[in-house]
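Visitor: In this note's numbering, the protein residues as written are 1 to 143.
Do not rely on the hints blindly, as some may be mistaken.
[What the hints assert, rightly or not] Just the calculated beta-carbon pair ranges, DEER-fashion:
(1) 68 to 114: 13 to 23 Å
(2) 48 to 78: 13 to 23 Å
(3) 67 to 22: 12 to 22 Å
(4) 134 to 12: 35 to 45 Å
(5) 94 to 33: 40 to 50 Å
(6) 108 to 38: 39 to 49 Å
(7) 138 to 35: 34 to 44 Å
(8) 97 to 60: 42 to 52 Å
(9) 63 to 94: 19 to 29 Å
(10) 124 to 51: 22 to 32 Å
(11) 68 to 25: 10 to 20 Å
(12) 77 to 47: 41 to 51 Å
Quick caveat, the hints were computed from the structure, so don't treat them as lab data. We treat Cβ as the ideally placed atom computed from N, Cα and C, and that holds for glycine.
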Amino acid sequence: MTEDAYLFLLDEDDPTAPLGVAPAAVGDLACMDTPAVRAWLDAQGVTATSPRLRLLPPEETRAIPEGAERLPIPLGDEELSRVRHTTAPEPLARLEEELLAWRDCADGRDGLIGRALAAGVAPHRIVELTGVDPATVTAAAHG
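Using the sequences and the accompanying hints, generate a full structural model.
Guide: Below, the structure is given as structure tokens:
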């Protein structure tokens, strides 16, 4: 398990705000079937498919509005990777897909890592997606 991600509720006045991701968009998450999450949803008067319900990975939880109802949830590595991919802007999401695909071949590694860094993919995310040594990503960032 990793650091906690957060489920939170958007303000009722603006449920279309582009913050976080709807849990249903990420696919099955084991935590959504736990008694704690079900009880929290019941207490908030929402369902797991509510347009107000959002999810953010641990590194983005500072963006949750002050006073918003929130619940920390543990995610497995694969679940967290899906959340991060789903919350990434489209250009970064496409690069992340390339980084994931690259795991199976080494052709063009340095170019792909360089493009990902230039586009704003965080070095730790590149390591997570590709499985390369962090020193390789650091060298590409400074090279």
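Visitor: Take the hints in turn and mark each one as holding or not.
Guide: Against the structure, the hints:
1. 68 to 114: 13 to 23 Å: Since residue 68 and residue 114 have Cβ atoms about 38 Å apart, the given range 13 to 23 Å is violated.
2. 48 to 78: 13 to 23 Å: 19 Å, holds
3. 67 to 22: 12 to 22 Å: Taking Cβ atoms as reference, residue 67 and residue 22 lie about 21 Å apart, which means the hint holds.
4. 134 to 12: 35 to 45 Å: 43 Å, holds
5. 94 to 33: 40 to 50 Å: Between residue 94 and residue 33, where Cβ atoms are some 31 Å apart, the hint is violated.
6. 108 to 38: 39 to 49 Å: For residue 38 against residue 108, whose Cβ atoms are near 46 Å apart, the range 39 to 49 Å holds.
7. 138 to 35: 34 to 44 Å: 43 Å, holds
8. 97 to 60: 42 to 52 Å: Given a distance of about 20 Å, which is not inside 42 to 52 Å, the answer is violated.
9. 63 to 94: 19 to 29 Å: Given range 19 to 29 Å: holds, Cβ gap about 23 Å.
10. 124 to 51: 22 to 32 Å: 31 Å, holds
11. 68 to 25: 10 to 20 Å: 19 Å, holds
12. 77 to 47: 41 to 51 Å: Check failed, 27 Å falls outside 41 to 51 Å.
When held up to the earlier numbered hints, the structure conflicts with 1, 5, 8 and 12 and fits the remainder.
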